Amino acid sequence: MKFTEEHEWLRDEDGEMIVGITIHAAEQLGDVVFVELPEVGTVVSKDDEVVVIESVKAASDILAPVDGEIIEVNETLVDNPGMVNDDPQGDAWFFKMKISDPSQMDEFMDEAAYQKFIA
Amino acid sequence: MSDDLRTPLYDLHVELGAKMVPFAGYAMPVQYPMGVMGEHNHTRSAAGLFDVSHMGQVTLTGASWDAVARAFETLVPQDVLGLGDGRQRYGFFTNDAGGIEDDLMFARRGDDLLVVVNAACKGADIARMRSALEPQVTVTELADRALIALQGPGAEAALAGLDARAADMRFMDLTDLDLADLDLNGIAVWASRSGYTGEDGYEISVPAAQAEALARTLLARNGVAPIGLGARDSLRLEAGLCLYGHDIDTATTPAEGALMWAVQKVRRPDGDRAGGFPGADAALAAPARKRVGLLPAGRAPMREGVAIYASEAATDPVGHVTSGSFGPTVGGPVAMGYVNVDHAAAGTALWGEVRGKRMPVQVATLPFVPANFKR
Numbered sequence: 001m002k003f004t005e006e007h008e009w010l011r012d013e014d015g016e017m018i019v020g021i022t023i024h025a026a027e028q029l030g031d032v033v034f035v036e037l038p039e040v041g042t043v044v045s046k047d048d049e050v051v052v053i054e055s056v057k058a059a060s061d062i063l064a065p066v067d068g069e070i071i072e073v074n075e076t077l078v079d080n081p082g083m084v085n086d087d088p089q090g091d092a093w094f095f096k097m098k099i100s101d102p103s104q105m106d107e108f109m110d111e112a113a114y115q116k117f118i119a
Numbered sequence: 001m002s003d004d005l006r007t008p009l010y011d012l013h014v015e016l017g018a019k020m021v022p023f024a025g026y027a028m029p030v031q032y033p034m035g036v037m038g039e040h041n042h043t044r045s046a047a048g049l050f051d052v053s054h055m056g057q058v059t060l061t062g063a064s065w066d067a068v069a070r071a072f073e074t075l076v077p078q079d080v081l082g083l084g085d086g087r088q089r090y091g092f093f094t095n096d097a098g099g100i101e102d103d104l105m106f107a108r109r110g111d112d113l114l115v116v117v118n119a120a121c122k123g124a125d126i127a128r129m130r131s132a133l134e135p136q137v138t139v140t141e142l143a144d145r146a147l148i149a150l151q152g153p154g155a156e157a158a159l160a161g162l163d164a165r166a167a168d169m170r171f172m173d174l175t176d177l178d179l180a181d182l183d184l185n186g187i188a189v190w191a192s193r194s195g196y197t198g199e200d201g202y203e204i205s206v207p208a209a210q211a212e213a214l215a216r217t218l219l220a221r222n223g224v225a226p227i228g229l230g231a232r233d234s235l236r237l238e239a240g241l242c243l244y245g246h247d248i249d250t251a252t253t254p255a256e257g258a259l260m261w262a263v264q265k266v267r268r269p270d271g272d273r274a275g276g277f278p279g280a281d282a283a284l285a286a287p288a289r290k291r292v293g294l295l296p297a298g299r300a301p302m303r304e305g306v307a308i309y310a311s312e313a314a315t316d317p318v319g320h321v322t323s324g325s326f327g328p329t330v331g332g333p334v335a336m337g338y339v340n341v342d343h344a345a346a347g348t349a350l351w352g353e354v355r356g357k358r359m360p361v362q363v364a365t366l367p368f369v370p371a372n373f374k375r
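Protein sequences, first through last, are from chains A and B. All residue numbers for the first sequence refer to the UniProt record's numbering, where the first residue is 1 and numbers rise by one. All residue numbers for the second sequence refer to the UniProt record's numbering, where the first residue is 1 and numbers rise by one.
Since the hints were made in silico from the structure, they are not lab data. Computed from a prediction, not measured in an experiment: that's the story for all the values here. For each residue, glycine too, the CB sits at the ideal point set by N, CA and C. Misleading hints may appear alongside valid ones.
Claimed, not checked - Residues on chain B that point at chain A, a partial pick, calculated with CB under 7 angstroms: (1) V36; (2) M37; (3) G293; (4) A297; (5) R299; (6) A300; (7) P301; (8) F326.
Stated by the list, open to error - Reference listing, derived: stretches of chain A covered by chain B, where coverage requires no fewer than 3 residues with Cβ under 8 angstroms from a Cβ of chain B: (9) 9-17; (10) 31-38.
All chains should be built: construct the whole structure from the sequences, respecting the hints.
The following block contains the structure:
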């Protein structure tokens, strides 16, 4: 699992990249009450706003961590946004991407580096 | 953060694990480990303790109740003179254009008036009262008193367990002066049965030096948990109550703000003591726009600033949202805002533009959650 400075995680599953937000990010957001996911098939560039997430406190955007195409979204979050608080690094993934340039992954942190980043 | 003022409960908030944020010049708890949603639900089902010590507590004293009340009526459109001893009312200061300078609670304690104002406005409010009322009336800020709210269906049992007289108070009553102040575990307090959540509850004025001891005593009662500003905001929004600086401000009149219920007949144009407060004509004039409840049809919250349209394609907005969030008790998004009066009837179908997309929203009657006061 790799981590970004935007508090997202990416997990490589058979060449597809699963993306979610970290436990730390979910704690900072507070209770998530609304999730708006992108359309499957959307081609995105790094830092495009792809997901809108609203907590009781505020709205936030989740950015595409890399260039690529959205190939699947986690529809269960739409009806159960609270899953983002319950299991942010597991069942509450947001989308899967086919990534265009694997070298964009090089800058991301491993878990130890991320823990240091948020400490 | 280091420049922010601290209430007498600051150390307790930190000890309880609160996330502290700057609010109106004070470091205040926005939430505790329970989280905004949990704290909101806890207040509706049991009892929540809120530190509202950042608010201004002011007493007005004069030669007689009549003198104090008549003086205060020159600043507010409320019936002050008719207020019974030990009773409290909601009111607001108006400006020369009829706009609202601040909203407030005022209570009669014998011949004195006790006024509670918003933290962000208290400096200006006190200056306004001093300049308009002194020397006939003496304006004293009670900077040495803290204010603690205990709210929720469990509030009465929690407080009455300490002093049984708390149960005899009714909504908008003060502590009965004939029976002396409430005695909460040896701490003498002034209490009123009131609040800002739509729930039954009390607001308790306590000497600053005893505030922490009182808060600890209350938190030790069955079902009482500390609640932060986050839940305070969602609770008051569901209760349809205004947040000054958002839902009402210097540019909104009481009539626009749908606050005519708080202007008693005697102060209205045909009343015996009509006018006599700043901007009287403009403040009560029939408005072109009105504050209403707004219930978004989807799951997406419509937050402050969202433009409201009469149709999906209309180019000019008919209003905007002034407060909007997720309502945990409603189980969906809730909002309030201003719309032109011809779109203000309950049930009117409108559209709110969220992130460039028009989404359906309906004008709703306030409150979203029925009040649970003990009258």
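*List in ascending order the numbers of the hints, as given earlier, that are violated by the structure.*
3, 4 and 9
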